[in-house]
Amino acid sequence: MLRVILIAGAGVALLASVGASVQAAAPETIIQARKAKYREIGKAFKSINDEVKKSAPDRGLIGSSASLIAGNLRQVGSLFPAGSGPSSGVRTKALPTIWTKWPEFARLNAAATGEAGKLVLASRGADVAAIAAQARSLGKACQACHQQFRDED
Amino acid sequence: MPIPPKAGPGPGRIAVWDVPVRIVHWAIVGLIAFSWYSAENHMMDWHRYSGFAILGLLIFRILWGFIGSSTARFSAFVRGPAEIRRYAGTLRKRAPGAGVGHNPVGALSVLALLLVIMVQVGTGLFAVDVDGIESGPLSERVSFDQGRLLAEVHEISFTVLQVLVVLHVFAILFYLLYKRDNLVGPMIVGGRKTGDVARGMTRAPRRNFVIAATVAAVTGWFISQGLHF
Ligand code: HEM
Ligand code: HEM
Chain A
791 MLRVILIAGA GVALLASVGA SVQAAAPETI IQARKAKYRE IGKAFKSIND
841 EVKKSAPDRG LIGSSASLIA GNLRQVGSLF PAGSGPSSGV RTKALPTIWT
891 KWPEFARLNA AATGEAGKLV LASRGADVAA IAAQARSLGK ACQACHQQFR
941 DED
Chain B
-6 MPIPPKAGPG PGRIAVWDVP VRIVHWAIVG LIAFSWYSAE NHMMDWHRYS
44 GFAILGLLIF RILWGFIGSS TARFSAFVRG PAEIRRYAGT LRKRAPGAGV
94 GHNPVGALSV LALLLVIMVQ VGTGLFAVDV DGIESGPLSE RVSFDQGRLL
144 AEVHEISFTV LQVLVVLHVF AILFYLLYKR DNLVGPMIVG GRKTGDVARG
194 MTRAPRRNFV IAATVAAVTG WFISQGLHF
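Going line by line, the protein sequences match chains A and B.
All letters in the first sequence, in the order written, are residues 791 to 943 by my numbering.
All letters in the second sequence, in the order written, are residues -6 to 222 by my numbering.
Isolated chain B (complex conformation) (with noise of 0.2 angstroms):
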């Protein structure tokens, strides 16, 4: 049921990102950071809680690709090849893109952090530490060389999450110094003052935000709970 485009956040602005996508982004920021210092620190009651919260954002944000806002579902922005190609041709222009949303370009990061967080959750879920100790709540699914081998998975996608994590700063820096186009502060606001009003964001209808977010919360809740029913 799309909503006609409206006018962003503050006279002027066009709407980008709605409120959802914004806090979904910048918690599960937070929440990585934190995961990585509870996982150094031994804290591993909270390193799973942490999990836990980013898995169910991770199921809202998949769900919200499907039935979300237009700028948040997937088939807005992802594109085949040769419209990858055609874009990534005039990413040499030093100019804001008219476009509102995931370019062709940086819908790849934005589905390679998508996926590479659904591995680092879904490999901590049965990870098992060399002691026996500490795991996650799926591991008693599998034998003990098998959560090992996970929990190695587990380290090696942390690295790679971190490469990407680095990539995707420096793609947002590389569009705000030399292309003169600010990222950030719609995915701050949620609007930008420059672009295609006409492409501009359609709003989800409320039922489907009530959808999505009760999904993720009861699917997250039954696997931090093990998937005992």
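Okay, chain A solo, but in the shape it has when bound (with noise of 0.2 angstroms):
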């Protein structure tokens, strides 16, 4: 049993391996997929702008928002494969100095998810002036990594 297990184990690792090195062979999609997933981030930051703007937010939305958003932050952290920057002919607003201070890059993720993280816990408390302020670290902490690490338009 516990070699069935293991050979099965095997098999899946040995699949996912080849399946990353097909999309890392496609930056195309890959690139697609990151921007498709930042697309779905900046939509759920305008939701929660817009109940921030209330004088009686949706406060489930907020939190839902803000959890998709930090679900998409931790995915989007594997889509910057290397090799997957402007050299490769595919439309992208990513800098080439995403893989040569990667632990920057890295770092700034962490911090972006971690204020999406204390988003959602917020939103479980009344206080709208707090949510509200912690829209604003969000925001700042997308705008620190998109300074640095994003070609403007």
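Some hints could be false.
[Stated by the list, open to error] Straight-line distance between alpha carbons at most 20 angstroms, and here's what the computed EDC-like set of lysine to aspartate or glutamate pairs gives:
#	chain 1	residue 1	chain 2	residue 2
1	A	K930	B	E33
2	A	K833	B	E145
3	A	K930	B	D122
4	A	K844	A	D917
5	A	K827	B	D122
6	A	K833	B	E33
[As the list claims (entries may be wrong)] To give a feel for the contact side, a few chain B residues facing chain A, derived at Cβ under 8 angstroms:
#	residue
7	V121
8	D124
9	G125
10	I126
11	S128
12	E133
[Unchecked claim] Okay, the calculated beta carbon distance ranges per label pair:
#	chain 1	residue 1	chain 2	residue 2	range
13	B	F59	A	A934	42 to 52 angstroms
14	B	V153	A	D848	49 to 59 angstroms
15	B	F59	A	A823	53 to 63 angstroms
These are computed hints drawn from the structure, not numbers from a lab.
Note that the structure is a prediction, hence the values are computed from the model and not measured.
C-beta: ideal position from N, C-alpha, C; glycine also.
Dock chain to chain to rebuild the complex, using the hints, since each chain is given by itself in its own frame.
Next up, the structure:
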């Protein structure tokens, strides 16, 4: 039984690594995938700001949007394999410095993910001013990375 | 309640522009420059404050076009095509005009400038940036995609505004250098030395100023707060 599981596990791992190399071979797909993830993030952020502007915000919607952002930011961290920058020839705003300063990029991504997590927590309380302030902190965390690692328009 | 034309500021000057028109003009010039600077430098809080100030000034200027001093009124300078064509025919004459206030061709540029600034501020109120982070105070009333579209219109309209401002300044230079007519002086001090005294500006009563300024400030404030009552 144990052997079966080990073999199956090895098979899955092998498939996964093949999958990864297939992905790496097609920067086009990866870049499209990460842009789609980021666009979902952008739309979710607008829903948060829409609620924050209201006198009686829907805190449930803020919470679910913030956890979508946190989840997507976590996934997107793996969507920047080497070779998926502008050198791939695919249209992308990812700057090449992402790969030369990878630890900094990863740190900023973790920081933004953390801020999104804090917004999920804040949305559980009734303090609307605190929610608005945390939404601003999250926005600053996104912009900190964009100003360093994303091409302007 | 028209008040008889008065001699302008200083001896021998004919009044052309009242104080509110001059302050609104130069404040808008400064604020548009600042809006540009703050947008380029990602100072979006300042960009919004600056836009709200322009919004208030714009509402005031439009009200002033109905209840302001004679030269500020749209009824005084908006002319039909025949009048515009007639004036355009005299453009090549190298002499200062006798009229006080906007000439029929200049009026077109005034209206175009005011209109484009309205579009600029109006789209800004609903604009959303690509990240959904920065937005105008009314953006909660539009979808993400509509907000993005309006942000694109906001960018295009800024290009149009830049072109109009360049034309505006060239026209003023043309009057100064070719027609030997200094228009900038009156826009600063309010009056000019030559012209038809009988057609000098008639100042609006102070009460009208209080009304227009109050309506502009209150309306501008409510819009900047997202029109929540
Ligand atoms: C006459 C006044 C204004 C001028 C000259 C102006 C100019 C600009 C410029 C040049 C940009 C940069 C476009 C880009 O790089 O994408 C911009 C962006 C923006 N403006 Fe304004 N603006 C004005 C008024 C306003 C107002 C009143 C608001 C709202 C309160 C506003 C909200 C925005 C927003 C949210 C953006 C970001 C859009 C984006 O990044 O796509 N603007 N503006
Ligand atoms: C952002 C740039 C500018 C905008 C949007 C703008 C807009 C306007 C508007 C709307 C008017 C009509 C005034 C009214 O009836 O209230 C006007 C008039 C005038 N502006 Fe500007 N202006 C700008 C820059 C300038 C500059 C840089 C100068 C100086 C070189 C200038 C000089 C004048 C003068 C002299 C008039 C009176 C024209 C006349 O006698 O008919 N403007 N401007």
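To see whether the hints hold, each was checked on the structure:
1. A:K930 <-> B:E33: Holds. K930 (chain A) to E33 (chain B) sits at ~17 angstroms (cutoff 20 angstroms).
2. A:K833 <-> B:E145: Distance of about 17 angstroms is within 20 angstroms: holds.
3. A:K930 <-> B:D122: holds, 14 angstroms
4. A:K844 <-> A:D917: Satisfied, since the Cα-Cα distance of roughly 13 angstroms is no more than 20 angstroms.
5. A:K827 <-> B:D122: Since the Cα atoms of K827 (chain A) and D122 (chain B) sit roughly 16 angstroms apart, the hinted pair holds (cutoff 20 angstroms).
6. A:K833 <-> B:E33: violated, 23 angstroms
7. V121: With Cβ-Cβ at 6 angstroms, under 8 angstroms, it holds.
8. D124: Hint on D124 (chain B): holds, closest Cβ of chain A at ~5 angstroms, below 8 angstroms.
9. G125: With Cβ-Cβ at 3 angstroms, under 8 angstroms, it holds.
10. I126: holds, 4 angstroms
11. S128: Cβ of S128 (chain B) sits 6 angstroms from chain A, so the hint holds.
12. E133: Holds: closest Cβ of chain A sits about 4 angstroms from E133 (chain B), inside 8 angstroms.
13. B:F59 <-> A:A934: 42 to 52 angstroms: holds, 48 angstroms
14. B:V153 <-> A:D848: 49 to 59 angstroms: Cβ of V153 (chain B) to Cβ of D848 (chain A): about 38 angstroms, so the range 49 to 59 angstroms is violated.
15. B:F59 <-> A:A823: 53 to 63 angstroms: Hint holds: Cβ distance 56 angstroms, inside 53 to 63 angstroms.
In summary, the numbered hints that this structure violates are 6, 14.
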